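Participant: Take a look at the letters that make up each chain.
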Amino acid sequence: MRRNPRELDLLNRVSGRRALLLGGLQLAFAGGLAMRMRYLQVEQADQFRLLAEENRINIRLIPPARGKIFDRNGNVLAQNVQSYRIVIVREDAGDVDQVLDKLSGLITLDPEDLERARAEMQRSPPFLPVTLADRIDWAEISRVAVNTPALPGITPEVGLTRVYPRGADFAHVIGYVGPVSDYDLSRIEDPEPVLRIPRFQIGKVGLEARREDMLRGKAGAKRVEVNATGRVMRELDRREGQPGADLQLSVDAELQGYVQARLGDESASAVVIDCETGDLRAIASAPSFDPNLFVRGISVADYRALTEDLHRPLASKSVQGVYPPGSTFKMITAMAALEEGLIGPDDTVWCPGYLEVSGRRFHCWRRGGHGHVDLQNSLKQSCDVYYYDLALKVGIDKISAMARRFGLGERHDIPMSAVAAGLAPDRAWKQRVHGKEWLIGDTANAAIGQGYTLASPLQLAVMTARLATGRNIMPRLIKSIDGIEQPGGEGEPLGVNENNLRTLRRAMYAVSNDRRGTAYGSRIIEDTFRMAGKTGTSQVRNITAAERAAGVTSNADLPWDRRDHALFVCFAPYDKPKYAVTVVIEHGGGGSSAAAPVARDVMLQALYGDTPPLAAYPSKDRNRIKAQQERLHRERLRAQQEQSGRA
Amino acid sequence: MSYLEYRVKSTPSGLRKVLYLNWPLALLLISVAGVGVLMLYSVAGGSFSPWAEPQIKRFALGFAVMLTVAMVPIWFWRNMAALAYGLSVILLIGVELFGSVGMGAQRWIDLGFMRLQPSELTKITLVMLLAAYYDWLPAERTSRPLWVLLPVLFILIPTALVLKQPDLGTSILLLAAGGAVMFLAGVHWAYFAAVIAAGIGLVTAVFESRGTPWQMLKDYQYRRIDTFLDPGSDPLGAGYHITQSKIALGSGGWAGRGFMQGTQSRLNFLPEKHTDFIFTTLAEEFGFIGGISLLTLYALIILFCIASALGARDRFSSLVTLGIAVTFFLFFAVNMSMVMGLAPVVGVPLPMVSYGGSAMLVLMAAFGIVQSAHVHRPRGSH
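Going down the list, the sequences are from chains A and B.
For the first sequence, this note's numbering begins at 414 and goes up steadily by one.
For the second sequence, this note's numbering begins at 93 and goes up steadily by one.
No wet-lab data here; the hints were simulated from the structure.
Where hints are given, some of them may not hold.
To be verified - Lysine to aspartate or glutamate pairs mimicking EDC-like chemistry, simulated, CA-CA at most 20 Å apart:
#  : chain 1 : residue 1 : chain 2 : residue 2
1  : A       : K991      : A       : E905
2  : B       : K338      : A       : E456
3  : A       : K631      : A       : E605
4  : A       : K515      : A       : E504
5  : A       : K806      : A       : D759
6  : A       : K892      : A       : D826
7  : B       : K338      : A       : D459
8  : A       : K991      : A       : E667
9  : A       : K515      : A       : E528
10 : A       : K617      : A       : D826
11 : B       : K338      : A       : D659
12 : B       : K338      : A       : E466
To be verified - Each pair of labels, with its calculated beta carbon distance range:
#  : chain 1 : residue 1 : chain 2 : residue 2 : range
13 : A       : P562      : B       : P116      : 50 to 58 Å
14 : B       : G350      : A       : S712      : 55 to 63 Å
15 : A       : P562      : B       : L189      : 40 to 48 Å
16 : A       : Y452      : B       : E145      : 32 to 40 Å
17 : B       : Y283      : A       : L423      : 14 to 22 Å
These numbers were taken from a predicted model, which means no experiment stands behind them.
By construction, the Cβ of each residue, glycine as well, lies at the ideal position given by its N, Cα and C atoms.
Next comes chain A alone, as it looks inside the complex:
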């Protein structure tokens, strides 16, 4: 419409004024923005720069390679192998179900693993990888690798995992590793950050746990640039870690394998100790289990089978198991009496089959008694009455002190789990622990290694080695660390009278070489390797008067878990002791019938370093031994094949 000039002029003046006003406001606002920019970018720049770096840079740990474990001859007992696993990143996968479908067409997926992976995917952020399958073999991993373009979000990964090539043979010695649990973390004060790496493995039991400090090594670190979702974009720099120390054990893997096989499914244990160095050549506990199962994560069924087995495969009986040493303790009683000068080797004691001690009858194992027995005969035939008599003369405190000098009742701290201290009881101990007076009957029981006295097979082996050498032999499990030889366990002389030792050794020689010795049946006839030993049969139940009246029930008639433990300790060669061997067979019956043959076989195997010639055995046993050797050989071959098939 047409406007008159005055009106238009007015309107233009108003609009122009307001345009300038609004324009001014806009510029002022822009100026405000500029001020704000200056505040953020100039005044607070340093602070924000720091925050940006924190955003961007992430420190990632590089897990160290765990130290390897070898036997004394360099055979691998524990190592790390590359293992392949398949992980999925939910964020990249898109349709997880579809991808899993395709994947299961390529490889077999364990439904249990899948279930677990799905649950984990629900919990974790979408960019974190979740393991679908672990320990995939090469053929399967390559099938997946070739098909990755069709499998979004699926990546094959390489990691290190612990493998025990000798399987069950070293389960109790080396133990096993497993992923760090919350419980592990709660026990460690100020845990190293490396422990928080997912899937990082630490020693759970055995040597793996006891020498975790050496085996673990030091973690390296790398600084990486990450994006907002935490994905690594590039590596900025890295500091290499330090791999764990390699340990060499004193154990001989071949011998250990033989011992495990020889013990078989018995609930038993055996220790072979080197009398010259204290090296433990074998520490076996049977039955055993495959530690590799635990590394992978043992199934509930397998675990239940292990825990419900009456023979307790998980228990490390050679160091953890404590037993009344029974007659194997008699050397200690005799030694105490000899050192005190209370008896001479030729002094005799009359054994009518029992000894009356303060109104109570203590029986000899042979009801008819042994008649007049001297030291050698008493040990050879394992006469109990002789030792009751000796013990009453010497007193418990001296006996237990002697036991400790020979390594009983004291913990030998070798790096295995749950190494037991055993017990060499004395008056003060009973007063302290039971709050009761020591009774004379307790001494009689202790004299023959019953009652309160407890010892582990390891302790009995140390005792035997000390008897054989007269030196304070200390057991050694780790021979060298990263090639550095560790101090041996030769020990100083015990300071006991050499003549007394010789007397005892001669008596032990008689046990397994004299026709009337309790272990004569298990002698070695090779002259250079003659063996000296002592049988032991320890009661696990009290024999009531009624039972005794009815005639002692034979072991064979008892339920397994009430039968006597069978023990045998020995050393050989007699004139120049090389090895001491202890065998304990739980509920095995008699020491001479159950334990001694095993110990003899183990000893020969150790002495020859291989399958011993049949000529070392008494001629009438040779056929049986030959059959046994062949059977064991076959069994070990099969076990090895199984092991390598699994690995």
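Here the structure of chain A is known, so what remains is to put chain B in place on it, guided by the hints.
Facilitator: Same frame as chain A, but now just chain B:
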């Protein structure tokens, strides 16, 4: 003076119009778009795809649109204003009925070759309609209640439709731009005082209504306000955007970290780094100097528009130019305030720089109208 009074002979005609274009303004627009392409190239990790290349094409198209619109006489656009406004309101209703849902809001219509965001279009057509309205309205009626109510309705209809999408950012922009044109047209200041007072009352009511059955905003809109007021309260949740954006900006420092060296944007710590938060990348990589340069370019665009408007001889040219300048200003002011932590995150792009098709095209068309007003002004009789 209305367009009828133009002495058509005194306005340039034919190809001579090109000489009379506001070339400084055109160059400023090219510069700003160039900054945008550079940043899009950077945030893509030094690549023309996926953003920089389409952006160049769109700007070229937009520039052509601007020239085309500029060549058409301004009085044609004045006559088209009501039609354009009506069309955009119909499209807004169309979005309501047939629109696609993107990013939680119903915002565009898929035309096949491009996605049309009617709300973008409305920002310009509303300004055009209001300018045309005041060009037509006799001066003495400008502040009469009835004649004030009418433009208020023009503003509120699209605002309500956009708010329903829901797009809080654009509806605030529409309200502010419309109000600015009315203010420029000379509506009595008492109306604005009343509206501002009512606005304060409304804000109070909005906050009071929270959690009650008659709650006026969506929960996420409240959360945005919360995190704006205290971004530190939830640094990994909703406050993440603001916190990370400030870190990016601040870490740029005086001179920046260098082209394509911005870690915050390159490592995806910034959300929407190619759209709403692109300014943070610029500020991180080119620092305070880069940021202030872009701000200066924007300010110059506004100044050239105001200068052009003051030189206009008719009310439509003057008001439409100023209105478009205000709209443009509101775009970058809200966006920059948002990334600097001065305003809640409302989803307003940085004009000419952020990646986005319809916003760019509509803005270029708007500047075409500004250019048309500039070209077709009478320049004395010789």
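Participant: Need the list of violated hint numbers for this structure, in ascending order.
Facilitator: Violated: hint 11 alone.
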